[in-house]
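Protein chains in written order, with the numbering used here: chain A, 1 to 359; chain B, 1 to 291; chain C, 1 to 368.
Residues from chain A that keep clear of chain C, each with C-beta distances beyond 10 Å, as calculated:
hint: 1; residue: F30
hint: 2; residue: E77
hint: 3; residue: T289
Just so you have them, the derived chain A footprint on chain B, three or more residues with Cβ under 8 Å:
hint: 4; stretch: 117-127
hint: 5; stretch: 213-222
hint: 6; stretch: 251-259
Just so you know, the hints here were simulated from the structure itself, not pulled from any lab data.
Every value quoted in this text rests on a predicted model; they were computed, and no experiment measured them.
Each residue gets a CB set at the ideal place from its N, CA and C atoms; glycine is no exception.
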Amino acid sequence: MSTSTTVPESLSAAPTVTGSSWTRRIIQNFYVRRIAKAVFTIWVVSTIIFFLIRLLPGNPVEQYIARLIETQGMDYENARMQAAALFAIDLDAPMWKQYIDYLGNLMRGNLGVSITSPGTTVTSIIARFLPWTLFSVGTGLILSFTLGILLGLMMAYRREGLLDHTLTIFASVVSSVPNYLIGILLVVWLGVQWKVLPIAQMRGTMSPGVTPAFTFAFLYDALFHAFLPITTYVLTTVGTWMLSMKGSTVGTLGEDFVTVARARGLKDWRITTAYVGRNAALPLFTQLTIAIGFVVGGSFLIETIFQYQGIGYVLSAAIAQRDYPVMQGVFLVITVSVILANLMADFLYGWLDPRIKVG
Amino acid sequence: MNMIRDILNWLGTTLKLMTYNKAGFIGFLATCTILVICLIGPFFIPLDTRTKLDKIYQPPSTEHWFGTDHQGRDIFSQIVHGGKDVIYVAAVAAFLSTFIAVTFGTLSAFAGGAVDGFIMGLTDIILTIPQFPLLAVLAAFIKLDNLTFLGLFLGLLSWPALLRAVRSQALSLKERDFVEAARALDLGAGHIIFRELVPNMMTYIVISFTLALTAAVYTQVGLVLLGLVPVSSSNWGVMISLAWTQGAIFFRDAMWRIMMPILAIALFQLSVITMTRSLELAFNPRLRTMV
Amino acid sequence: MAKNKLDWHTGEQNNGRAPLSLENVHVSYATRRGKVRAIRGVTLDLHAGESLALIGESGSGKSTLGLAIVRLLPETAETSPGVITYRRDGREVDVLRLKPNEMREFRWSECAMVFQAALNAFNPVLKVWAQALDTAKAHGWHDKDAIRRRLVELLEFVQLDPKRVIDSYPHELSGGMRQRVLLALSLLLNPQILILDEPTTALDIITQRTIIKLLRELKEEQHFTMIFISHDLAIAAELADRVATMYAGRVVELGASDDIFYRPRHPYTLGLIRAVPTVTGGFEQLFSIPGSPPDLVELPSGCKFHPRCAFATDRCKQEEPELEEVGPGHTAACWHWREVEAELQRNPLHRGALNVLDVIEIDEEVVS
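Kindly generate the complete structure, drawing on both the sequences and the hints.
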């Protein structure tokens, strides 16, 4: 890439890819590699889940069979058949075949049937509840990331000022208190002590009588119900973004290209956004990986606290009732969502930082 | 005698270094206070278990510093007694995850090649699996009625982020002159790791440990709230969980009962995280030689 | 050559008056230890079409002075008292009193500065073209075709292939290429003055030569008005019409390039010249100025150079000398400049000392 110090430079930019065959180019392509990694991760996670469900002593299939025999007086054969149907597993087949079938079922979207609401497929449960979680968690993450970047930038520019000190204290407090406790505090103070929010009406994802449609009324209602979860996600993650962005901005402000940009007479606004802001925000994209997993994982408690019927609420109900097929399906979907969200964050990062695609 | 003097000297220097960051030092003092209250307090303050129907939901007073709960019991004594289990479980988890992170992070950095590739690949995958749901799902299969076992369980899966940090730190140390010099002198792996690396990584290890501690408090209390950890003892998490499941959070007078354990947990987390700022100074070998 | 099409300043718009005049310029920083006095009363005229070199060790204030002219010093710096007058087309402004937006307009379009660390001079996430466009737009030039034509011409002038460079990201270019792109960019708005802060530092010797050739072209054929900041005397000797030696925030000697390099009158200038290693000279001629640059917070009394000076007397410890005429157009701030003159007659300067570049020219033939 860089020219050596003894040979005069050629007048053209050095090519970035050595070897010109197209297969090699595809393998080295940034996007292709990221997608391959995501697919691989999804495969590993589904495999882990399969072995947890099927192979661990005291695994859910055996537990379920034992429960059927115990509570409904079923004989072993019948109980085993029913379990096989529920988990969409052929228990008589050899293990490797079960595994192949399981992967095949996954690809076809067949995740089995719920134990507690017989006849309802896990896929349909996910289809019903997942959009609400994507909506609330996605909105919360985007809001807090954007807000954190803007506030962090301001803090760096007004370093050691009142705003900086206040926000630093706020950020350290809010990012060290567990998010579900912040959720409970919101209910206790905003809903019960000060009564500024009608928390009873805010439960659930929609008000009675409202149907999903592309209308303003529906959007308003959805936001009304998602207000508390979104506020919690924003409050508990914005501090980390703020502090990271502040640190990163302070570093970027010291870079030569910022001084040169000022020497070039660029307008302050342009320097702040395209030169300082954009470069300072780049390292934060790598932190999105951890944040997405954390927020999605935490959403499961937040939704339970606010009785917001998203996928996390379903998971906590399924765990409480030991509804294994639902647990398995929902957990898989949560993991896949996190992997896909990370993939998107990676792509966004690659798009924003031209240096990444080369390496 | 000499050894005692050395230890006292070391402690003095450490404390002096820690005061360089005021917020961090306040965090350190607060952490110590909380630890003392939780570990020694129970010997002096008896747990109030007697139901007093005439004293239900009283606000704080000189008699009951933190008020009383739904059975008229003193909340302060419950807070004092409710910390040690939470801290014990978190400490076990933090020890295990720091141990895994430091051992394999350093190994990964120094072995390089396929070992590094395998460890990092595995770490990346585990990092993408949302930890909390995974623990919750596993907790549905496994009986978590033993505190030590609960701690190990929490620690077993919470190392990936720490491992990545330790590895990058070890990678940068690997390139430093003193390690290069030790390698050039062929001083052996043991010497390099324990004489050169560990002292220089001490800051990192200690901070990793404190962060793992707060992470373990987070998951632990979260699992308690979901009812996945059998309620056997009366700890801060259980206090919140009971107040919540009994609907006390919607009852205005019950505020103290719900607020006090939340405050205890929040204060503990905040103190420990703030303390890391001072720890960074105290375990920095370069600063130590300057004093 | 493409350069014939370029429209350059010829430096004759000011009726013979200097385009840039510094009068008693001071710069200081407030620090915990006390006031750092980086520049202490510099008075200089930059004449139209001349190239002036600022030489001195690091900490002498030469870079600070360059940054002060375009007002890019850190916020903790205080630039007063002092007046920096800029003249163009018969108009005069005091640079230090320009309002923020006027200052912004002034930078690059009137006075462009090429920086030392060109490796990081560009925003890593924007292509060269986008950064050129940013620069033009900031100065009210929105005609994309015209901007592109001008950039292409300038890139050709700095001997780069415009087609490859224009749509490259900075990381796709080598250090030398980036430095040349920055040089091209500095000419984009046709500024009257160019300030070059160590334009060749951190580059390999061949790339250095390319840059010096370009700069010599700017000087000799376009008569560009330039200020060079360099610790490399060979480059200053090669490119400068006049040279100012700086020490402890002051100009201690100022004169035509030949006067300074062959007839220095300040012991510090003499020391700097004698410290240049010569390719042909032996080790016995290697010399270095004893001691280290002064602490800018607690400056020595009298002449700031006296603790390191072989000519120092009691007077030097008490009184700081002002610049005085030591020859036609040649001034020096030293009580003992006549003794320096006498010393030079006893031990004349080795004439080949500063001809390092000739040696490089020979080298180049060997390399290519």
